[in-house]
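Visitor: Sequence:
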Amino acid sequence: MRRSRQTRFIFTAFALAALLIASPAARADKDAPKVHDPIKIGNVTIDNRIARSSLAGITCGEFGDVSQQRINMEANFAAGGPGLIISSHVPIREDGRVLPNYATIHDDRLIEQWAKVVKAVEQNGSKYFMQLSHSGRQQDIGGVRNYSYADDRTDKTPLWRKALPFARKSPRVRPPSPGSVPDSFHGLKGRPMTTQEMKEMVQSFIQAAQRAAKAGVHGLELHSSNGYFFTQCISSAANDRKDRYGGDLEGRFTFWKEVIEGIKKDPIAGKLPLVVKLSVIEDGNALKPWAHKGNTLAESIQVAKMAEKAGADAIHVSAGDIFPHPRNPAGYLPTEMLRDTYPGLYTSGKFSKLNFKLLRAVPWALRLAWERRLRKELYGGSTLDYLRGKQPDVNGPKAGWRGVQGLLADSAHQIKKNVKTAKVLVTGGWQELAPIQEGLAKGHFDMITSARTFMANMDLPKQLVAASKRGDKNYTPKSPCDACNRCLVAAPKHPVMCMSAQRFGGDVKAMQDAGQRMYTQPPKRQTVRRLPVVQKH
1039 MRRSRQTRFI FTAFALAALL IASPAARADK DAPKVHDPIK IGNVTIDNRI ARSSLAGITC
1099 GEFGDVSQQR INMEANFAAG GPGLIISSHV PIREDGRVLP NYATIHDDRL IEQWAKVVKA
1159 VEQNGSKYFM QLSHSGRQQD IGGVRNYSYA DDRTDKTPLW RKALPFARKS PRVRPPSPGS
1219 VPDSFHGLKG RPMTTQEMKE MVQSFIQAAQ RAAKAGVHGL ELHSSNGYFF TQCISSAAND
1279 RKDRYGGDLE GRFTFWKEVI EGIKKDPIAG KLPLVVKLSV IEDGNALKPW AHKGNTLAES
1339 IQVAKMAEKA GADAIHVSAG DIFPHPRNPA GYLPTEMLRD TYPGLYTSGK FSKLNFKLLR
1399 AVPWALRLAW ERRLRKELYG GSTLDYLRGK QPDVNGPKAG WRGVQGLLAD SAHQIKKNVK
1459 TAKVLVTGGW QELAPIQEGL AKGHFDMITS ARTFMANMDL PKQLVAASKR GDKNYTPKSP
1519 CDACNRCLVA APKHPVMCMS AQRFGGDVKA MQDAGQRMYT QPPKRQTVRR LPVVQKH
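For what it's worth, our numbering labels the leading residue of the sequence shown as 1039, then goes sequentially.
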């Protein structure tokens, strides 16, 4: 009897000790945010922790008008289940277009058109943030409004001079830019702006924010990453100004500060949550080792802190001093498709002609240069496979998409540790639940964003949310995005859609039909649960 009591006592003691040890961790895991949990950015509540980041194709009007195809596309993405849709870059002025046939917000007549986009997204269960943009120097193809229309009949240049190699000038008009430095890859160069023009650009962003608010968007994002206007202001490699908009990091932040504070003080736009997208690692010498590296992570942490102090409600972590960049969107370089689409950029930059000739003559050299930074992640650590361009099995443990998934999670953690209340979003080709949930649970970031992966599987957000609710931490999509980047390099010439025929069993027509449905067939109308949103204007 005594031995039985002693046994029960010992067992009970061990059980209590185990509970005392395990309960804090168990409670922490239980209380940790999940993918399916709502999140609040500013005064807007979003259904879950998944956002579709900036994405669109050349499907809108030449003069900035929103097309029905664009409305259908955004509605279809919303029906796939992300809590938030962030628009593609939306130029605030016609001289700031990156590519033609992208919808803009430069004129009041566009407010009603954008309101239709917001309504379509709302009806399918997501919130809609507009990304306000200006290309600066990084204008790939400017379109009809950014063309010089030089007339050969009135050109008085001597014929002998015209006959010289590279003598003919580009027909493009240089876009306004904070500095005079060209980008290191294409050689895209802008026209340096005066101090007064910089002040006017600040007002242009504020006015565009007002129009977006009147269209009913739920929030705003500044296109302040990946080499565009804001990056050209903040980057030590791009900003060579001598006035108050240049100099040290604080001086280079002046434009950012004036735009953020101007929007937040505005009686209309100031009520909307404001997200600031930031290339936390510029890596300006990824392609050319001798080029300027640009801002470091340490400098970007300071930028994030200054942006929060100025009024930003969230920081969206990205990478790269140009777009596209080997780190964003991280993946392979499909040279066979690039040879077909790159000619559109032939006259765009100082190095565009050289890039085109290299692409034709030695495409393998460009691929090696592009994939050099992430060769271990893309090729499972095999240098030989990297040199041969032999990609790992897409369903295997060393698949390239797995290697680059969540590439910026650690950088996002550094930003998260240094801001006070601002939410941290992070892009990164997310597809599996486990790494997302791990980052959320550890407090490394508050929300994930992706574009290509949701285009490959439009219901992936819905599947991730469902897996999160049932506790399936090992969820992986059956046919994952393989990070081939064909959708990316097709953008200058074709509507954006998944262009990996491999994912469709090699059936090219099935691939094309899926892309067509995204633009031409709106989702079936559904009734959605309404969460509090900001007041419409």
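Heads up, a few of these hints could be off.
Said to hold, decoys possible - Subject to a maximum C-alpha distance of 27 Å in a straight line, what follows is the list of computed DSSO-like cross-link-like pairs (lysine-lysine): (1) K1516 / K1500; (2) K1388 / K1252; (3) K1500 / K1072; (4) K1531 / K1507; (5) K1295 / K1428; (6) K1500 / K1343; (7) K1511 / K1531; (8) K1326 / K1237; (9) K1347 / K1303; (10) K1507 / K1078; (11) K1507 / K1480; (12) K1480 / K1343; (13) K1154 / K1280; (14) K1068 / K1331; (15) K1154 / K1078; (16) K1068 / K1078; (17) K1428 / K1507; (18) K1414 / K1326; (19) K1428 / K1154; (20) K1295 / K1458; (21) K1347 / K1511; (22) K1414 / K1343; (23) K1455 / K1516; (24) K1078 / K1500; (25) K1500 / K1480; (26) K1295 / K1280; (27) K1391 / K1436; (28) K1252 / K1154; (29) K1331 / K1391; (30) K1303 / K1252; (31) K1480 / K1531; (32) K1252 / K1237; (33) K1309 / K1157.
Note that these hints are calculated values from the structure, not bench results.
Visitor: Against the structure, test the hints numbered earlier, and report the numbers of the ones violated in rising order.
Guide: Those not satisfied are hints 2, 4, 5, 6, 7, 8, 13, 14, 17, 19, 21, 22, 23, 27, 31.
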